[in-house]
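**Student:** Chain by chain, the residues run as shown.
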Amino acid sequence: MSSKTEKHPETGTADLSVEVGSLQLKNPVLAASGTFGYGLEFQQFFDLDRLGGFCTKGLSLQPMKGAAPGRIQETPAGMLNAIGLENVGVDGFIRDKLPLLGDCGTHVIANVLGKSIQEFVTIAERLEPYPEVSGLELNISCPNISEGGIHFGHDPEMTFQVVQAVRGSTRKPLWVKLSPNVTDITVFARACEEAGADAISLVNTFVGMSIDVHKRRPMLSNVTGGLSGPAIRPLAVRLVHQTAQAVRVPVVGIGGISHSRDALEFLIAGASAIQIGTANFYDPLVSLKVIDGLADYCRQQKLPGIRHLIGTLQIREGQFFYT
Amino acid sequence: MSSKTEKHPETGTADLSVEVGSLQLKNPVLAASGTFGYGLEFQQFFDLDRLGGFCTKGLSLQPMKGAAPGRIQETPAGMLNAIGLENVGVDGFIRDKLPLLGDCGTHVIANVLGKSIQEFVTIAERLEPYPEVSGLELNISCPNISEGGIHFGHDPEMTFQVVQAVRGSTRKPLWVKLSPNVTDITVFARACEEAGADAISLVNTFVGMSIDVHKRRPMLSNVTGGLSGPAIRPLAVRLVHQTAQAVRVPVVGIGGISHSRDALEFLIAGASAIQIGTANFYDPLVSLKVIDGLADYCRQQKLPGIRHLIGTLQIREGQFFYT
Amino acid sequence: MSWIVQAPVARAESFPGRNVLLSVEASDIAASTRPGQFVMAALQQHSSIPSPLLKRALAVYAIETEEGAPSRINLLLKVIGEGTRQLAQARPGDHLALLGPLGNGFQWEASGGKSHLIVAGGIGIASVLLLAQQLRNEGQDVHLIYGARSGRDLVGLEDFQKLDMDVITTTEDGSQGMHGLVTDGLQQLWSRIDPGTTTLYVCGPNPMMQAVSRLAAERSVSCQISVEVKMACGFGVCLGCSVKTRDSYRLACTHGPVFDAGRFVWEESQASFETVRAP
Amino acid sequence: MSWIVQAPVARAESFPGRNVLLSVEASDIAASTRPGQFVMAALQQHSSIPSPLLKRALAVYAIETEEGAPSRINLLLKVIGEGTRQLAQARPGDHLALLGPLGNGFQWEASGGKSHLIVAGGIGIASVLLLAQQLRNEGQDVHLIYGARSGRDLVGLEDFQKLDMDVITTTEDGSQGMHGLVTDGLQQLWSRIDPGTTTLYVCGPNPMMQAVSRLAAERSVSCQISVEVKMACGFGVCLGCSVKTRDSYRLACTHGPVFDAGRFVWEESQASFETVRAP
Ligand SMILES: Cc1cc2nc3c(=O)[nH]c(=O)nc-3n(C[C@H](O)[C@H](O)[C@H](O)COP(=O)(O)OP(=O)(O)OC[C@H]3O[C@@H](n4cnc5c(N)ncnc54)[C@H](O)[C@@H]3O)c2cc1C
Ligand SMILES: Cc1cc2nc3c(=O)[nH]c(=O)nc-3n(C[C@H](O)[C@H](O)[C@H](O)COP(=O)(O)OP(=O)(O)OC[C@H]3O[C@@H](n4cnc5c(N)ncnc54)[C@H](O)[C@@H]3O)c2cc1C
Ligand SMILES: Cc1cc2nc3c(=O)[nH]c(=O)nc-3n(C[C@H](O)[C@H](O)[C@H](O)COP(=O)(O)O)c2cc1C
Ligand SMILES: Cc1cc2nc3c(=O)[nH]c(=O)nc-3n(C[C@H](O)[C@H](O)[C@H](O)COP(=O)(O)O)c2cc1C
Ligand code: FES
Ligand code: FES
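Residue numbers (this note's numbering), protein chains in the order written: chain A, 1 to 323; chain B, 1 to 323; chain C, 1 to 279; chain D, 1 to 279.
Looking at chain A on its own, in the form it has when it is part of the complex (with noise of 0.2 Å):
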């Protein structure tokens, strides 16, 4: 964490520090894992420690190519991606990327991607000795690599698994991020928080496909990718909801935040912090922008902290509920 904290006069009336876990954040707005690349090609639109934190694009054992071209294609008011996590691999990241971030003034958090409990372990030991590295997200529920990935995210038993595993072997925080293809996510979520998950980060991407009507043809060259942004909103909002009812640990909510309504949204629903993830991509500056937004709105509720919002969704007795 940097000394910077207090350089923005506009948000500094507001007092917009949240906790997730041991984690101490000066506001609530995390960049998500696979849009934000390693933090530092966003350094040329803003200072990094305007954020809460950023979450690093998936780490692998060995570094990946990737899938093949076709990796993306818009949807309405969303997009699909299978990018096959491509990435540098965590020895690249801590010998390439990591130098450069320097003392970036936020959180760092690496998305850690393994094919096996082992590679997940293995990963995080590599790691452990980075203090720049403020904590890890285990992603268990990516939907676009065959090994790994999903196949933790939809077997509670290997859930349980791998993050107790994990977190035998490091000692930074550490998060997992849920996949929402579940029928019910809370059995993930409370094995994640029996193993010992310091947060849980949902939602990652839904499983969806796009079609070329005139080569009859998938979009995609994964022929299925994952959707992501707005469209996905309500979906994320509702699986945060629920989970952060079901377990005491903090949840991270992610899933379609373009504006500060959307993180209010989340945040009242029970997160304690939230990631934006598409929206970079159209407007590079909009985690700024959602974070000046939660300070208006702190200012115009009378709000001493925007921590004091969070999980304060007012049910009134007898409406349904998850039925």
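Keep in mind that a hint or two might mislead.
[Stated by the list, open to error] No farther apart than 20 Å at their CA atoms in a straight line, the calculated lysine-lysine pairs in the PhoX-like style are these:
1. B:97 - B:65
2. B:302 - A:215
3. A:172 - A:215
4. A:115 - A:65
5. B:302 - A:302
6. B:115 - B:65
It is worth saying that the hints were derived from the structure and are not from the lab.
Chains B, C and D with the ligands: place on chain A using the hints.
**Tutor:** Just chains B, C and D with the ligands now, with coordinates in the frame of chain A:
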């Protein structure tokens, strides 16, 4: 079926007829349940005989007054609804609506909903004597009521039992409409097939939620609601494709269709027919436009008939698949 | 019978308080609209999926004639959120996608000897001009009490003044007319009215409509309210716009938007419309 | 270094063949764009969520100066689908949300004695004017072969003719210039070129670029292609725009959009861009 089939020369040159099991449709475009009233409301806009068919609002054994006000909320490229299945009841439908429909020249599919297996059976029996009702669509997937509905749709064994029971009490074509809010849709589709369903309709709405950030209250009185509209199309196309691979009975594709291009995606993915829902609200003429667009496509692509398009998605070898 | 039309925008005027008046060519709708009815409207866009997705309900504010025949409808709107912001962008030459006329309008007796009290708050004024015009055409006794935050927000006032009727204005900041709320304006007439022969017609923010309804109930004055509810379709198929009356749930689009205030259950109807108007 | 700007539209001109030229005030971008670079662009909308959601990549076609300083960039676009249809609606006074300049442009040696052959198909012309201007400024030998379906589609032709350079046009319907494809036009020069001192710069539909690349490879002529790929971000973070080169996958937005044709693997890159241009 009416004799008016040949009335529209502009689509007449392309053969749009399809079969859903034993049911012959003049074109693959139906209106989806809950978005087309009992058909009567649309007669002021066009002749119902233009359609391949339509599904009635879900019919319960007793009339239902529905959920408390606060039933809909717009979302990016979609909407949430929690109508709570307000409907006139099966007897009210037979008494007050069916006579008014008269010989409307298209297939009327009765969407039905019971709170128990016995209720489903009773409703089917009440409709059995009426030849004006071409088929039944069992709604075992409504996310907005606490009994029945999704309780059946989230348990493969219950799904099997309810379909088998209704199968034993009707000779009409029997479609089953599935919930998309499950980890593996194919388990449910196969249960329906084994129980004797003639077709699988999917998808119903995805469970979502929206929050009023000023009042910190749910936008919907029911707290959660079902997400529909263009936003969900990529998710629906994927589920239809996956299901069409898994069962031999026809699949009726639903979800976010508002253009002939969207309908084509579903047909290519493996749907034998499609239904249009939410788009009826913002463009009551959408079905006619989709039908015309399908005819244009057939001519442009020199297809002898739209049925030749069904399930023609080409997937290259080595492409990933439902990982 | 409702019409689906692509209506060319003939005129677009901006007024203070983020109010916009659109005049659109829609002769079929113009010829068949009764006071209190509305249309579902969206700006015709160039993308295949409209954004926002759903049309917005707008009262038919006025009807213009050409060579004696109804030809254009006027819509008066206040920019609140996505839908109205979109509509407010309309320029001459653009098209509105319209569906209408919709709903049941106000009800009144053509016979004389009655007194008609129209109470409008803010953009609620859009729903009551046709009513005032019709009543005045019939030579009836009409009063308008029109309240807004400030004088500059009293859009459309001249259209009523033209009708040679009694007009009381109230503003919250006292910049024009009475200083206070419409209920304060109403009090001024209240002692003089005959409950047996007077009808109230109310359109505006819910707290205001609720307050007026309560006053009317106290003296058993007949009172009609025109409510604003979120609507997806506007013609009775989505069942999304229900409100609670003493009889049962009712659809605001087909049974309403005008309801008998005495039979309206405010508490249970709130959720439908409390977020329609910005706070 | 790329700039994020809300750029006012100064001029919008329509041309036959659904082509539109937009001149927008963006001095930072104008001052720093090299030939072959592009911007990500969207029409500034009034809804909180843009529709379509993603910006579209557009080449910087030309740069206008004011009092000697670069002040405006010109974008030349052809309406294909949602994004370009939206952009084509831009009117003076509207704003474009721009991010740029982006990508690596064309590469050439400033030394003389070289021959530069620019080959453009259709709207591919938008990517090569700055290059031609720069080369002519340097006094180099430049030829353009420009093909389109029909003479009226040869948008921007005068801008090249102005540069006092050799221009060959081809049209598929024979309505202007040679009857045939750009490859036919190329054949005409082909026997006269010196493979050792000539460079080809190609932008257009993929089959055309592939055909030209093949010809170049046969005679070992150096050849650069500017490819069109679906892009979500344009600045290297989504990893969505990858194409295949002999080295590995490469991002079209940061490593490209200009690639060495000899190292480009067409077969595997297809899926990225085959649906960008309408069939
Ligand atoms: C019969 C009828 C007639 C009508 N006639 C007229 C008329 O003549 N003129 C007129 O101007 N209006 C009229 N209305 C109202 C009009 O239809 C619109 O509903 C209204 O103006 C708001 O729509 P909007 O799209 O502008 O706002 P919306 O986009 O629907 O937003 C409504 C409000 O909610 C806020 N909001 C959005 N998301 C959230 C969130 N998560 N938490 C908290 N707040 C949120 C928005 O910022 C905004 O303030 C009428 C309505 C009805 C039913
Ligand atoms: C570096 C670079 C520079 C560029 N420069 C320029 C330039 O200077 N000028 C220019 O005009 N363009 C340029 N382009 C191309 C431009 O960015 C757009 O991608 C292109 O014009 C199409 O975008 P669109 O939004 O109009 O179409 P899109 O909406 O993206 O649609 C593309 C096509 O797909 C079709 N389609 C949609 N859904 C389906 C489906 N399910 N099945 C089959 N077909 C479907 C659409 O109808 C359309 O024909 C450039 C691209 C790149 C990468
Ligand atoms: C192009 C792209 C790449 C992504 N890559 C990753 C990744 O490597 N690891 C991960 O956990 N999530 C990844 N995600 C998921 C996002 O972090 C986020 O969970 C999801 O997009 C939903 O948020 P949004 O709607 O704001 O985009 C990716 C998303 C996109 C769009
Ligand atoms: C307001 C509304 C009411 C609905 N009511 C029913 C219903 O009664 N029975 C049912 O099976 N599906 C119902 N549905 C689901 C639709 O039939 C359809 O499956 C879903 O909306 C997805 O399609 P769409 O995206 O085209 O709307 C309803 C949908 C909406 C939006
Ligand atoms: S708005 Fe759809 S039923 Fe009233
Ligand atoms: S467009 Fe996002 S990485 Fe190239």
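**Student:** A separate judgement is required for each hint: does it hold in the structure or not?
**Tutor:** Hint by hint, here is what the structure shows:
For the proposed pair residue 97 of chain B and residue 65 of chain B, the alpha carbon gap of about 17 Å is at most 20 Å, so the pair holds. For the given pair, residue 302 of chain B sits about 14 Å from residue 215 of chain A by alpha-carbon distance, which is consistent with the 20 Å threshold. This hinted pair does not check out: residue 172 of chain A and residue 215 of chain A have alpha carbons roughly 49 Å apart, beyond 20 Å. A hinted pair counts as satisfied when its Cα atoms are at most 20 Å apart, and residue 115 of chain A with residue 65 of chain A qualifies at roughly 15 Å.
Pair hint residue 302 of chain B plus residue 302 of chain A does not hold up; C-alpha atoms about 65 Å apart against a cutoff of 20 Å. For the hint linking residue 115 of chain B to residue 65 of chain B, the alpha-carbon distance of about 15 Å falls within 20 Å, and the restraint holds.
Of the numbered hints listed earlier, those contradicted by the structure are 3, 5.
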